[in-house]
Amino acid sequence: DTEVTQTPKHLVMGMTNKKSLKCEQHMGHRAMYWYKQKAKKPPELMFVYSYEKLSINESVPSRFSPECPNSSLLNLHLHALQPEDSALYLCASSQEWVRGSSYNSPLHFGNGTRLTVT
Amino acid sequence: QKEVEQNSGPLSVPEGAIASLNCTYSDRVSQSFFWYRQYSGKSPELIMSIYSNGDKEDGRFTAQLNKASQYVSLLIRDSQPSDSATYLCAVARPTGGGNKLTFGTGTQLKVEL
Chain A
421 DTEVTQTPKH LVMGMTNKKS LKCEQHMGHR AMYWYKQKAK KPPELMFVYS YEKLSINESV
481 PSRFSPECPN SSLLNLHLHA LQPEDSALYL CASSQEWVRG SSYNSPLHFG NGTRLTVT
Chain B
56 QKEVEQNSGP LSVPEGAIAS LNCTYSDRVS QSFFWYRQYS GKSPELIMSI YSNGDKEDGR
116 FTAQLNKASQ YVSLLIRDSQ PSDSATYLCA VARPTGGGNK LTFGTGTQLK VEL
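One line per chain: the protein sequences are A and B, in this order. The first sequence begins at 421 in the numbering used here and counts up one residue at a time. The second sequence begins at 56 in the numbering used here and counts up one residue at a time.
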């Protein structure tokens, strides 16, 4: 069982809808991530939150809006999406990198939300 | 040149054989290396982390790292049909916040009965 929980598992939405993806972790991690994965492609980084602050935005279109209400929760708000945004959306968490450390902690992924935009 | 390169496969091995998966990376600043297994339609699952040159063994899995050659590999001994999946190599480097992982395109492994 994964310790990073994503809801919903599946989501179908129209291009005019507004919906949200939710992610929760209870691993005590202070870094949380959103990735997008298309079929037969590797995960692509979208956003990184570090200590509840947005630290990386990989030039993601504004129709995707992340939110980190607290250290355990991460949301992705969706509005006016396009059919090409259909993909598996993955949330992940990790221990935060300690400046000066020679190690990066691995990411732990949730089960993902399969999004279909019609 | 891609940041992280893997042979996409499919790599086919008979049951019980050793599967060898390879990965090269271009950024010499990279300091942490991971192998993830991903079954079709599922999310990536961490198999191994390796940080220092040499070998690291965990059960049937052995990760090998050579920073001078910018090369990391994964060996799976006594391959089982349940090992059939896509294996993603991921490389991390320091950032101002969070761990920025770059994934390779993945190698599809098929273990045949």
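It is worth saying that the hints were derived from the structure and are not from the lab. All of these numbers come straight from a predicted model, not from anything done at the bench. Wrong hints could be hidden among the right ones.
Claimed, not checked - EDC-like, lysine to aspartate or glutamate: derived pairs with alpha carbons at most 16 angstroms apart:
hint, chain 1, residue 1, chain 2, residue 2
1, A, Lys461, B, Asp110
2, B, Lys155, A, Glu423
3, B, Lys155, A, Glu464
4, A, Lys461, B, Glu58
5, A, Lys460, B, Asp110
6, B, Lys97, A, Glu423
As the list claims (entries may be wrong) - Partial list, computed: chain B residues near chain A (C-beta under 8 angstroms):
hint, residue
7, Ser104
8, Ile105
9, Gly109
10, Ser139
11, Thr160
As the list claims (entries may be wrong) - Part of the chain A face toward chain B, derived, beta carbon under 7 angstroms:
hint, residue
12, Val468
13, Gly520
14, Tyr523
15, Gly532
C-beta atoms are modelled at their ideal positions from N, C-alpha and C, and glycine is treated no differently.
Tested hints:
For the given pair, Lys461 of chain A sits about 28 angstroms from Asp110 of chain B by alpha-carbon distance, which is inconsistent with the 16 angstroms threshold. Of the pairs offered as hints, the one joining Lys155 of chain B and Glu423 of chain A is violated, with about 20 angstroms between alpha carbons and a cut-off of 16 angstroms exceeded. Under the criterion of a C-alpha separation no larger than 16 angstroms, the hint pairing Lys155 of chain B with Glu464 of chain A is consistent with the structure, at around 11 angstroms. Taken as a hint, the Lys461 of chain A and Glu58 of chain B pair is honoured in the structure, with Cα atoms around 15 angstroms apart against an allowance of 16 angstroms.
For the given pair, Lys460 of chain A sits about 29 angstroms from Asp110 of chain B by alpha-carbon distance, which is inconsistent with the 16 angstroms threshold. Straight-line distance between C-alpha atoms of Lys97 of chain B and Glu423 of chain A comes to about 15 angstroms, which keeps the hinted pair within the 16 angstroms bound. Here the hint on Ser104 of chain B is kept, as its CB sits about 5 angstroms from the closest CB of chain A, short of 8 angstroms. Hint on Ile105 of chain B is violated. Least Cβ distance to chain A is approximately 10 angstroms, over the 8 angstroms limit.
Among the interface hints, the one on Gly109 of chain B is violated; its C-beta lies about 15 angstroms from the nearest C-beta in chain A, farther than the 8 angstroms criterion. At a threshold of 8 angstroms, the smallest CB-CB gap from Ser139 of chain B to chain A is about 15 angstroms, leaving the interface hint violated. Of the supplied interface hints, the one on Thr160 of chain B holds, with its beta-carbon coming within about 5 angstroms of a beta-carbon of chain A, less than 8 angstroms. Residue-level restraint check for Val468 of chain A holds (minimum Cβ-Cβ distance to chain B is 4 angstroms; threshold 7 angstroms).
With its C-beta approaching chain B no nearer than about 9 angstroms, Gly520 of chain A sits outside the 7 angstroms limit, and its interface hint is violated. Nearest Cβ of chain B to the Cβ of Tyr523 of chain A: about 5 angstroms, under the 7 angstroms cut. The hint holds. Among the interface hints, the one on Gly532 of chain A holds; its C-beta lies about 5 angstroms from the nearest C-beta in chain B, closer than the 7 angstroms criterion.
Checked against the numbered hints given earlier, this structure breaks hints 1, 2, 5, 8, 9, 10, 13; the rest are met.
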